[in-house]
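Based on the provided sequences and hints, a complete structural model is requested.
If you want the building blocks of each chain, they are given just below.
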Amino acid sequence: MANQSLDVVRQSAGMATPPSARKTMVVGKLIDVSRCIGCKACQAACMEWNDLRDQVGSNRGAYTNPPDLDDQSWCLMRFNEVEIGGRLQWLILKDGCLHCSNPGCLDACPAPGAIVQYSNGIVDFHEENCIGCGYCITGCPFNIPRLRRADSRVYKCTLCSDRVAVGLEPACIKTCPTQALCFGSKEDMLELAHHRLGDLRERGFAQAAIYDPPGVDGTHVFFVLPHGDRPEAYGLPKDPRVSPVVQVWRSPVARGFGVVTMFSVLVAGILHYMRHGPLEVPEDKKPEEKKEP
Amino acid sequence: MPNPDGDLILRYPVAERLAHWTIAITFIFLFTSGLAMFHPFFFWLSSLFGGGQFMRFIHPIAGVVLVIFFYPYAAREWRNNRWLPVDSEWVRKMFAYMRKEELGLDTHRYNGGQKLMFWSMVPIIAVLFLTGVVTWQPWFAPTFTASLRRIAGLIHATAAFIMFVGIGIHWYAAYWTKGSIRAMVRGTVTRAWARFHYPAWYREVTGKDQS
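From first to last, the protein sequence lines are chains P and R.
Residue numbers for the first sequence, in our numbering: 1 to 293.
Residue numbers for the second sequence, in our numbering: 294 to 504.
What the hints contain is simulated information worked out from the structure, not anything from laboratory work.
We put the beta carbon where it would ideally sit given N, CA and C, even for glycine.
Possibly wrong hints are sitting among the right ones.
Unchecked claim - Examples of chain P residues toward chain R, derived with CB under 8 Å:
(1) A13
(2) L147
(3) V246
(4) T261
(5) Y273
(6) V281
(7) K285
Okay, here's the thing in structure tokens:
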């Protein structure tokens, strides 16, 4: 939410051309699941930096706590228990916004400037412009944004856009003790991911893969998954993309067509009235009226 | 129903007029707020509602008001909108009608065009209501799946577009046909007007032969 107006490349419901004189480095956050020990330091750091305090919940038989993302929890460690190859696997996923290059939330949003995308790749919500319609939730292929009932605004991970804007790394990165989380240019992070992938394959994880889904033109938070053939086991969609229904629904072409058609009805009315004039009872039908009692 | 004052015939009783104008005002509410969310070109309309957040809040509530007033009104009027052979004839000669040619049709209380409007609004308002409930934050939307909400959003926008165009035609037809706005405001029409536009209805209410 810091003032980065020079770096906004796209804004929701925007009709203006954004300023483009300045370029920033395209960033990436790598989450190497194979190195994650599930300590939740990132989750705590996120709360601390962003001054968020979720309700104290109750034990639901797993380490995932709170049970879901919400307006107070933008980063959530999910502890998935899955059987793979006859063995119980504890697949720990740091859940939160992936900062898509082609964000479905931004496409769906009808409020100008409520969702912006910076040239560094971060997709940020500007809650002061949010109208609470929840279309971003509907547009998101990863089910990330959460509506806060108390104020009808939607919240999610900012990738610490305020920190990144002044050259700091996100809070979760700073606190991760095992370098499961790394932050830098997306290019560097992809290179590092490939390196980690090589290590994993050497260790016998033949199916290990990078999760940087092309369906949303890649993401600025991406994963190295040891069981890369089964992203669903981690709770990630297999082939995420902006739903074609949302693309049609919110497409500028379809909506532009709608507006033009509505204008044409107005124009047609004016032309018709000019050509034919009003429909009135003809004069020769009126005199009879006087004969009536 | 002859008017004791002379030549005026009651066309719309006060209850119908009140219902009609409540629906009309509600529709304008829905139309302007919906348009603001439909295309950013019209987002400035949100200022009429004290900003986007309140506009988003009031839009579905206005939708419920519309449904509450429209369906009892439609229930009262549906008999007058039953489709008759003369209405098919009207539709066939629609363009001649728009050129103000006399069709010589024995029209009842409503002509074919008005009946088309009536029967298109009956399902479209229902569709708008149902899809609106599916996308209504924060109370109802979370109970539906994201894919259902996406489809509902698309259908809602499409149905709203059809309704906007339909009501646009309705407005123009009302303005074009002199005497009809007065009828819906004050309730009455002249005998000549009734005989010219709706001869069968004229005979029915006056008990008189047209000629």
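Hint check:
Below 8 Å, beta-carbon pairs count as interface contacts, and A13(P) has one with chain R at about 4 Å; its hint therefore holds. Hint on L147(P) holds. Least Cβ distance to chain R is approximately 5 Å, under the 8 Å limit. About 5 Å separates the beta-carbon of V246(P) from the nearest beta-carbon of chain R, less than 8 Å, and the hint is met. Taking 8 Å as the C-beta contact cut-off toward chain R, the hint placing T261(P) at the interface holds, the least distance being around 6 Å.
Because the beta carbon of Y273(P) sits about 7 Å from the nearest beta carbon in chain R, less than 8 Å, this interface hint is met. The beta carbon of V281(P) comes within 4 Å of a beta carbon in chain R, closer than 8 Å, and the hint placing it at the interface holds. For K285(P), the interface hint holds, since its Cβ comes within 8 Å of a Cβ in chain R; the closest pair sits about 5 Å apart.
When the structure is compared with the earlier hints, no violation turns up for any of them.
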